[in-house]
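**Q** For the protein sequence lines, the chains are A and B, in the order given.
Using UniProt numbering, the first residue of the first sequence is number 1, and each one after it goes up by one.
Using UniProt numbering, the first residue of the second sequence is number 1, and each one after it goes up by one.
Everything labelled a hint here was simulated from the structure, so no lab data went into it.
Please note: incorrect hints may appear among the correct ones.
Output of the computed footprint for chain A on chain B, the stretches with three or more beta carbons under 8 Å from beta carbons of chain A [what the hints assert, rightly or not]:
1) 90 to 99
2) 102 to 114
Just a sample of chain B residues kept apart from chain A, beta carbon distances all over 10 Å, derived [claimed, not checked]:
3) K45
4) F72
5) M180
6) R203
Selected chain A positions facing chain B (in silico; Cβ < 7 Å) [said to hold, decoys possible]:
7) I24
8) Y47
9) A97
10) F103
11) I255
Don't be surprised by glycine CBs; every beta carbon is placed ideally from N, CA and C.
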Amino acid sequence: MINKYRWWEIVGIYLGIALFLMFILAPFLEAFLVSMRPLNRINSIPYKIVTENMSFEAYFTMWENVPRLARYIWNSFFIATCVTIIVLIAVVPAAWAFARFEFKGRDAMLAAFLAINMVGGAVLIIPLFQLMRNLGLLNTYMAMIIPGAAFLIPTAIWLLRSYLMKIPRELEEAAWVDGASRPYILLKVILPIAMPGIVVVAIATFIGAYAQQFLFALTFNSNSDLHPLPVGIYQFFGRQTVVWNEVMAASLVGILPVLIIYIFLQRYIIAGLTAGAVKE
Amino acid sequence: MQAMGGRPNVFPYLLLLPALFITLAIVAWPLLETVRLSFTDASLKPTEEFIGFANYEKIFSRNFPEVIGRTFYWMAISVSLKMIVGVLGAMLLNSAVPGRSFFRVLVMPPWIVPIAIGVFMWRWMYNGQFGMISGVAQHLGILAGPYEFLGDRTGAFYSTVVTDVWVGTPMVTIYLLAAMQSISPDLHEAAWVDGASRWYRFRRITLPLIMPAVATMGLLSAIWTFNSFDIIWILTEGGPRGSTTTMIIDTYKTAISRNRYGEGAARAVMIVIFLSSFAAFYFCMLSRMARRSLNNDK
Chain A
1 MINKYRWWEI VGIYLGIALF LMFILAPFLE AFLVSMRPLN RINSIPYKIV
51 TENMSFEAYF TMWENVPRLA RYIWNSFFIA TCVTIIVLIA VVPAAWAFAR
101 FEFKGRDAML AAFLAINMVG GAVLIIPLFQ LMRNLGLLNT YMAMIIPGAA
151 FLIPTAIWLL RSYLMKIPRE LEEAAWVDGA SRPYILLKVI LPIAMPGIVV
201 VAIATFIGAY AQQFLFALTF NSNSDLHPLP VGIYQFFGRQ TVVWNEVMAA
251 SLVGILPVLI IYIFLQRYII AGLTAGAVKE
Chain B
1 MQAMGGRPNV FPYLLLLPAL FITLAIVAWP LLETVRLSFT DASLKPTEEF
51 IGFANYEKIF SRNFPEVIGR TFYWMAISVS LKMIVGVLGA MLLNSAVPGR
101 SFFRVLVMPP WIVPIAIGVF MWRWMYNGQF GMISGVAQHL GILAGPYEFL
151 GDRTGAFYST VVTDVWVGTP MVTIYLLAAM QSISPDLHEA AWVDGASRWY
201 RFRRITLPLI MPAVATMGLL SAIWTFNSFD IIWILTEGGP RGSTTTMIID
251 TYKTAISRNR YGEGAARAVM IVIFLSSFAA FYFCMLSRMA RRSLNNDK
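One chain only, chain B, in its complex shape (with noise of 0.2 Å):
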């Protein structure tokens, strides 16, 4: 609005003022904050000294590397999972059939209610006497007994990567939805009108259609995994014998259970690391998306 107002404006600025001063002090700040204490010795002592790298040398001489490997596979599993259950589920919501918008309404609550109310569910029926899953699977002849899923390394980790799945799943699968429906029709069908199958039109118009919004779609989950908290620590706070700490546990576990703020901070800079690479591939990626629109338009 440059018509209005002919000095240099301040105002603008005024007006960012709330916005600006809440997230400078709780995100801007903190993360440098970060950088700094992850230097230093801090801790529950009243002092703290400039130690270096000394946080470094040590996190990365003990667990830590194993950590961030069991990150990145929990990641990778649990947002492969998302994207293809979400792919199939919009797929599904997105096929005429009567029943199809009172079914999209029933897609979304695990995504609206409050992350740890629906884990609480989770944790019961994982429960291996008296869970839903393996009661079900005993009675379908899966299970030969109880299984207590949150009990071993391995039942723990999948268990937490498919409570994850589920948290996750709505919002991808109704994202999508939003693309498949945002394809025009026409497409479909003049290639009907030239005999394409039902599967060859998603191979062909689909899947290429919406592959953007899979795109962006899987890094923005890849990023809101990598941060995830909640699920991993009321299901089974990082164990048994640390299968589940992933990189935010196993920060949250130095810094806060044993507050050596020092070591946790070094062990937070290395996820904003990870994370800005993150977020660098994705505004990439976007402006990439926008400049090849702004050629098509032409």
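One chain only, chain A, in its complex shape (with noise of 0.2 Å):
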């Protein structure tokens, strides 16, 4: 066994691994407490990380008080499901031509998938929204959901294509030789066996949906019913009297979901998302 850690440099090690992970989660921690807190405590002064009467009542008053909270959480889900299975239809087939066809301007048009990655929804936000006008798309789901959609399939189908190359081409002859046509084994040989590659990239795709509503819902939506649950709470921001435990309250209960898939499956969701920088 190599060499093994003195007691001060374990002690160094923790106290530092303390240090970066306080910087990462001090804002959760800050929202939970504000959360917790009277709203009468909230705003006072001196700071104390500690207040008296800390409950969890904002977390039954904030379904009254802030208006629509559950439509906004439903939307938040309705929207990211529709970007998945919009993308995932979009990218198993093309993922497949990618892994296992060749074709003229193939590398060419990998590359330029890959470089729409390097694209910001902002920068294109002139024409898109103009595209959402024309088509009278403004004010719909449709507005944030096809988007949303595009600026995800590049990763997708570069995670789909590198988990399809691994798959065995032997599989597909066979069905091949045996006279199956060319859909039916995407169908009923590829579908099968790359099931599990195809979770991940819809687990990945959905985190990414579900994070990024934010520019297309405020730019292409005004419609209170329609807006994702970040939109939702952003105008809440602006009114007079911010009741701060019940808005801290609500981000907390729309990130969990997240975090429980994510603690669930973290293993195959790091893969995923290194997967999607690493190219290659």
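Grab the two chains, each in its own frame, and use the hints to assemble them into the complex.
**A** Structure representation (structure tokens):
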């Protein structure tokens, strides 16, 4: 075994990790503490980390006081789910094409897909706004779903392509020799074997779609009934009296679903996320 | 799969159709349309006219050079901090101490939760009267009184940087950690047998071997940071007095808040030009690395 740490090295490492994690987790801790404080204690000076009368009350009262909160959470889920479905429909065949077939312009197209990752939605906001207006999609779910999906497709293609390349091609060739058509092979041979990879892509896409619901909703939608949670809460900020403990409670409830998914599937998610950045 | 199907393949193109259709409509066409609009005086009025380079002359005679400088300064500080904190974090999480797999799980949340919601939390933290940072700093005697972090130009500028670092660090850390873990333990053991200290091994083995990963991540991170919109918009909307107005924020304000599509498009085209040069750099680096690893395999 390689040299062991001396005691002061171990202390140093734990101290370093503690500092590092404090930076990462402090906002969550702060949000939790604020959500637990009674409203008249939030604005108390001097600052105290723990104040008297902490309770979960805000988590119950927020459903009445933050208008449409349940609706916002539902919208967030609905938008992220639709984005994931569209991405999968587009990506599964595309990734198969890139992984298995040889055709003119394949590498150039693959690189072009990669290049899409370099342009953020905000850069293209003007023509996108006009496009949504001309298609009559402003103030509909579609205005948030379609652009959201487009920007998640490239990473998903890369992720699934590298997974499909690891599947032995003999299986498909055997089916081909037996006279199966190519659509049949895609649906009945590839889809079942690639399921684990597709699930990873679906989870990564869902989390991405859930995380990025701000710009398009802010710009293309002014119908409060359709807003996803981040924009719903953001609009709440402008009001005269912001009920901060309930806003923080709502924020925490809004991130809970992704945190739960993450805790159970973190190994796959980390693999998915890092593969998206590695690009080979 | 040449064996499958004799005639020239149309099939792969059919497979690509859905993905191509969406990305062409939502990314490629808008990109070209932005370039076209940048040469027009498009606004809310129903007609638009071709006006040549007038938009570009206009923006460059105004505050635009200053905005470019600020954007690069903002990006440089943010990316350097992300890389430094990321390397340190990856080093710490790579050390063989009990509990490390648990600590690794705790790193990721800022990256996976909705960015906007994470930024709401920061907005409260930066509050001078009741926020945690100002409060704790006063308790520790660092600050004499309440300090509104988003209230003045310098404070707002660096506060948005810190939040951007917070969002970006998990990805950098996890990516570099993966790079560190792919280093063969044999290398470290051989060096250890020869009497190399831990610091020496870090400098001569770990650091050179993760350098390609640091370079790749640094460049990707620069591209993402350049595109960053949500963080600044939610914290300051580009204020106070323009101190956090980066190129993206500037474009959005011109185009969407003030409905000057032509002028906004000219600003967006400048962003695309910068982004393309980053992208070109990134692709060159990837292909250089691919070639080098091929040579090593021989």
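**Q** Run every hint past the structure and note whether it holds.
**A** Okay, the hints, checked on the actual structure:
no. : hint       : verdict
1   : 90 to 99   : holds (count 5)
2   : 102 to 114 : holds (count 11)
3   : K45        : holds, 14 Å
4   : F72        : holds, 16 Å
5   : M180       : holds, 13 Å
6   : R203       : holds, 16 Å
7   : I24        : holds, 6 Å
8   : Y47        : holds, 2 Å
9   : A97        : holds, 4 Å
10  : F103       : holds, 4 Å
11  : I255       : holds, 4 Å
The structure meets every hint from the earlier list without exception.
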